[in-house]
Amino acid sequence: AQRVTQPEKLLSVFKGAPVELKCNYSYSGSPELFWYVQYSRQRLQLLLRHISRESIKGFTADLNKGETSFHLKKPFAQEEDSAMYYCALGRGGAAGNKLTFGGGTRVLVKP
Amino acid sequence: GAVVSQHPSWVICKSGTSVKIECRSLDFQATTMFWYRQFPKQSLMLMATSNEGSKATYEQGVEKDKFLINHASLTLSTLTVTSAHPEDSSFYICSACDSGTGVYEQYFGPGTRLTVT
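Chains as they are written, first to last, in the numbering used here: chain L, 1 to 111; chain E, 1 to 117.
Here chain E stands alone, though its shape is the one from the complex (with noise of 0.2 Å):
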């Protein structure tokens, strides 16, 4: 089946750095990535659309400067957390659509915590 990986699971960092967080499709090219944020307690919510050689598109209110968005490959999109502040703590979870089948179906990574001190 298609699988997503999500790396790392989790990372801690100290407010003002920079975090990037990488979303895999292992078994089958995506041209389309989402990026989600989760709350504790809380459900998802997209943050945006990433799409493969083209700039990401942004739900509104989420800060494009602050979440940066790249998907160079059809298998690949990373989001980095630029300037990261305790605010930013939460978990971070990707999706990706297999474009070669035609049905569009979001596969789910496992999900990234991370934890700004």
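Pulled out of the complex, with its shape left as it was, chain L reads as follows (with noise of 0.2 Å):
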């Protein structure tokens, strides 16, 4: 069975710092893997995707299939960057890619 992890609850950084949301995935097909992101009162929202290999809004996150990590990383947290994030693993194929979540890591980035 596929389970994403996400062992922090709970990351609290000053602006500027370093910031790494860890993710580790079991899954014994090919995974696709994604990071969301929901700020306050706001819906889910698609941050970045593996296949992607694209940097958004600071963010990037690298697949290690000899690790099966997928962390997310930013080199200067912004306040705006104070979010939930879920890591989530796709499964099914290009049709109804169903997603598999983790549980969620809430960034707090302090003034």
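Nothing false has been slipped in among the hints.
Ranges between beta-carbon positions, derived for each pair:
no.	chain 1	residue 1	chain 2	residue 2	range
1	E	14	L	57	38 to 48 Å
2	L	1	E	54	23 to 33 Å
3	L	57	E	3	15 to 25 Å
4	L	7	E	16	39 to 49 Å
5	E	5	L	51	26 to 36 Å
Calculated from the structure, these hints are not laboratory results. Values in this document were obtained by computation on a predicted structure and should not be read as measured data. C-beta atoms are modelled at their ideal positions from N, C-alpha and C, and glycine is treated no differently.
Hints are included, so try docking the two chains, each in its own frame, into the full complex.
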């Protein structure tokens, strides 16, 4: 069975400091990994996906199949990065890409 | 951008009654929609996959007779919680895939908070 683990429930950092959110997964198939973000009083939205290999809002994430990890990083955190972050594993192929979510990490960026 | 709406945003019902929640894709067609459940301070749990014109597929442990899903058009899926009980109280979230882009990104609705008294 697939599983996504986010070991930190809360990360508190100061503005300008680096932030790294950990995500580990277990899946027997070929994984598709995503990071979703939910800002206060807003809906869940896609932040980035591993196949895109892009940086969004300064965030990057690299899929490490050897360590089965997909950690999210940002070198200089901003106050507007305060939000709930979810790592998600996609399964089922292109049609009907079912998602399994991790427990989420709340990020608090202090001024 | 792709927008998904849900109605109602919150609902309170009495135990034993049924409640219908709508999920609409406002500016795109969605052959596939998903229904999630989120308990307080917990993550989203996939309940079922809603396919336009065919039966929904449910995740293991989800009662299909309890949570009826209908996806009658390319822009609307409904979740009906039948004979609701207090333990069904939760936050229900839907998402929809834009079938026109070929990317199959999921766009999420704002969620519906159900309280069963």
